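Could you build all of it, start to finish, from the sequences and the hints given here?
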Amino acid sequence: MDDSAKPRHTRTIRVGNLARVEGEGALYVRVKGNQVEEVRLDIFEPPRFFEAFLRGRNFAEVPDITARICGICPVAYQMSSCQALEAALGLEVGGQLKALRRLLYCGEWIESHTLHIYFLHLPDFLGYPDAVRLAQDQPERIKRALQLKKTGNELMTLLGGREIHPINVKVGGFYRVPRKAELLAVRDKLEQAREIALETVRFVAGLNFPDLKPDYTFVSLREEGAYPILQGRIVSNRGLDIPVSAFEQHFQEEHVPHSNALHATLSGQPYLVGPLARYNLNYDLLPAPLQSLAKEVGLGPVCRNPFQSIVVRALETLYACEEALRLMGEYEEPDAPSLPVVPKAATGAGCSEAPRGILYHRYQMDQQGLITEAKIVPPTSQNQKMIEEDLRQFVAAHLELPKPELTLRCEQTIRNYDPCISCATHFLRLEMEHET
Amino acid sequence: MPGKHKPTLAVWKFASCDGCQLSLLDCEDELLAVAGAVTIAHFLEASSAVLPGPYDLSLVEGSITTPHDAERIQAIRKNSRFLVAIGACATAGGIQALRNFADVEAFTRVVYARPEYIQTLQHSSAISEHVKVDFELRGCPVNKAQLLEVISAFLHKRKPNIPPHSVCLECKARGTVCVMVAQGIPCLGPVTQAGCGAICPAYQRGCYGCFGPQENPNTVALSAWWTHLGVDETAQQRAFRTYNAGAQAFSKEAARHG
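These protein sequence lines are chains D and P, in that order.
My numbering numbers the first residue of the first sequence as 1 and each following residue consecutively.
My numbering numbers the first residue of the second sequence as 1 and each following residue consecutively.
Honestly, I wouldn't trust all of these hints.
Here are the simulated DSSO-like cross-link-like pairs (lysine-lysine), alpha carbons at most 30 Å apart as the crow flies [to be verified]:
#, chain 1, residue 1, chain 2, residue 2
1, P, 6, P, 252
2, D, 98, D, 403
3, D, 180, P, 172
4, P, 172, P, 252
5, D, 143, P, 252
6, D, 32, D, 403
Selected chain D positions facing chain P (Cβ under 10 Å, derived; list incomplete) [what the hints assert, rightly or not]:
#, residue
7, 48
8, 92
9, 172
10, 176
11, 179
Simulated from the structure, these hints should not be mistaken for laboratory data.
The structure displayed is predicted, hence computed values, not measured ones.
Note that beta-carbon positions come from the ideal geometry of N, C-alpha and C, so glycine has one too.
Printed below as a string of structure tokens:
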């Protein structure tokens, strides 16, 4: 007999190993009658102790080391690291060096978003276990997706040396900057990528979305005059507007037994970071044609449905293609690949927009430039509490669904966040704890 | 061909960043061909369809750092005809092997208010320290062309063609002027196994050893050269103690410094 026919009984949903997410996690939901009693996103990915062993390393080694926290968003780790260390050293990396960093980051957004849209998330909407099986029925769509993803990777390879764990990023700038002709060599491919990204927006906007519009607290960066990628102030839709250096005064982390990732809160409350938050807080900074496109495909200036994050990701992919083309067009080779760096005893914080949301770093170093303390707060630990909250709401509103369907939708709810579990379990320094 | 057995491929993850298995998804031009040649039987990052073993080829990413994972790798070995360790974590314990030089319990107590929630081993170890591996593919991350070569070799029952020589040969092949000789930039290339394409020197920096030691590396001679370039002892120790800190030739050399 179907479980839904006996709603007074306890029902549990267990997913032992979540698929199509980065890293290792599991899901546990317990429902009694019409009440959702417990929701747990268990993260059993083993801890990797990054903050601890960064102590004693030279500041110049940090961007290469923190890249290893995540193979999917290494540029985000490199950018937040560099900016935190540059803030400590009083360095401002501007002009074309800053533009090149944004360009490299555009490559990561294109690659990571495309991977998530087509390979991790889309199969849920279309009822396939993976993109390879989807490719058997829709080969052209997946081939085009691979072409889009490849262009993002080529941009990362050109500027970073390779797409996973780039080697060309350093505190103060780059080891080598490209010649203008090298950049222009990928221009045609980016123009094709832009077309594929546009198709992607229209295509994913037509998917069926469950109706769910939680009243989220959105948190993202707000960059001066540009859709946020590289830096900015930290803002929310509830009036928060702080410099990156004030992050730890507002955001706390706690250690819960079921997870090797810490849970972050904003003044004790869960909040959401990532594409949905960026979009809602920075819609006005999108170029006018993208705003029109968003309206045309039914998004509008406010989008609170977490399942529509796939549309926002597609829109951001298109933005990243256009932004990359703009930055390439304006590129002039700088005089030097980096600014001179002199170590000193100092502390600095940095934050950038990883594809999955804000990534905060803080480092303290001594006068020799050796790290004495490191703190890194990745997007997935910030979203973890919100994921559980979404699951609670989703299950409560869909108790009538048969268990296999409900299980699938719960997994999809988690994938809305594109959670990066390896990132979240690199081990964070604990700042506070709630005793039970 | 009806009735012909299509080999099954499984991809497993232990403590790691996911980058090496992502390399497979980053083979954009070959991915659909690979998917056509094998049955993807277990690859959680890419698919929610999971088939039972035994598996013809298991690719294992990540290092062993928990009691649970030490058991899990045994089960995977029993269920795999060939088992290939991919990447610096799986072949040398990875960056998380830096814990091997500290007291992890004390460490956990320092950084965690609730250390009892944490299960972790004192060491981060390579897959080969736990089970027999049929091949080790180096790199942090692995090179995707080499990854395809390894998959192809095992599917065709031949030895993978992965050269054991140093990064220097790749620099020469690429036409890069030696950064250490010409510019005095410290470089681990002479003792590091090729595979990356010698990218760091091509980007005006020294190799930092992410593919681990080459066959029979002369690390002592290289350290002497680094000393000549003015690199202090602790910096030399750190250089050998990074992404392949657990690889024997590098851990031995690191122990001579600091």
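A quick look at each hint next to the structure:
1. P/6 / P/252: 44 Å, violated
2. D/98 / D/403: 50 Å, violated
3. D/180 / P/172: 26 Å, holds
4. P/172 / P/252: 28 Å, holds
5. D/143 / P/252: 47 Å, violated
6. D/32 / D/403: Roughly 14 Å separates the two Cα atoms, so the pair holds.
7. 48: Cβ of residue 48 of chain D sits 4 Å from chain P, so the hint holds.
8. 92: For residue 92 of chain D, the interface hint is violated, since the closest Cβ of chain P sits about 23 Å away, which is over 10 Å.
9. 172: Nearest chain P Cβ about 13 Å off; hint violated.
10. 176: 5 Å, holds
11. 179: At 13 Å from the nearest chain P Cβ, residue 179 of chain D fails the 10 Å test, so the hint is violated.
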